[in-house]
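Peer 1: Quick note on the numbering used here: the sequence shown kicks off at 1 and runs consecutively.
No lab work stands behind these hints, which were simulated from the structure alone.
Be aware that one or more of the hints could be misleading.
To be verified - What follows is a list of derived Cβ distance ranges for each label pair:
#1 Thr127 to Met12: 35 to 45 Å
#2 Gly31 to Leu143: 30 to 40 Å
#3 Lys64 to Leu128: 34 to 44 Å
We put the CB at the ideal spot given by N, CA and C, even for glycine.
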Amino acid sequence: MALHLYALAILMGAIMSIYIPMISQSARVMGAAVMGNVPFFFVAFVTSVVIALVSGQRGDSFRKIADVPPWLFLAGVMSAGIILGATFLVPRIGTGALFVLLVTGQILAGLAINQFGLLGVPAQPMTLSIAAGAVLVIAGAALVTFGAVT
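Produce the entire structure from the sequences given, and follow the hints as far as they go.
Peer 2: Okay, here's the thing in structure tokens:
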């Protein structure tokens, strides 16, 4: 079992819980949710190019961007939508509710992607233990989101 990979995934989740409120703060400073996203994507782009260059990628690798099917560029639109939505939601529902609801959406979409082997992911049929785990995560999300309601 690759425990270090699971630890990396947990670290990435922790980083998400930090950077999304940071973007929300940026939007507040700039006076517009849409503008909070702009410096984020600029820095992300520059960082990605630097990492690619440092890891040995050269001109041929960058030219392959033209080979990417156009519909896959929708991932950038989705990313912007997630960041903009999070920027809007953080001050309204808080980070706790936002993140457990994001995880709920990820669980539901992940189950469908795995079940049908969508987007090039190997199919992983639903099992009782997978369904039970998903129900527990979703129940936990409901408790975190609505548990404080009096």
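Peer 1: Could you run down the list of hints and mark each one as holding or not?
Peer 2: These are the hints, each one checked on the structure:
1. Thr127 to Met12: 35 to 45 Å: violated, 26 Å
2. Gly31 to Leu143: 30 to 40 Å: Check passed, 35 Å falls within 30 to 40 Å.
3. Lys64 to Leu128: 34 to 44 Å: Between Lys64 and Leu128, where Cβ atoms are some 42 Å apart, the hint holds.
The structure is inconsistent with hint 1 alone, although it conforms to all the rest.
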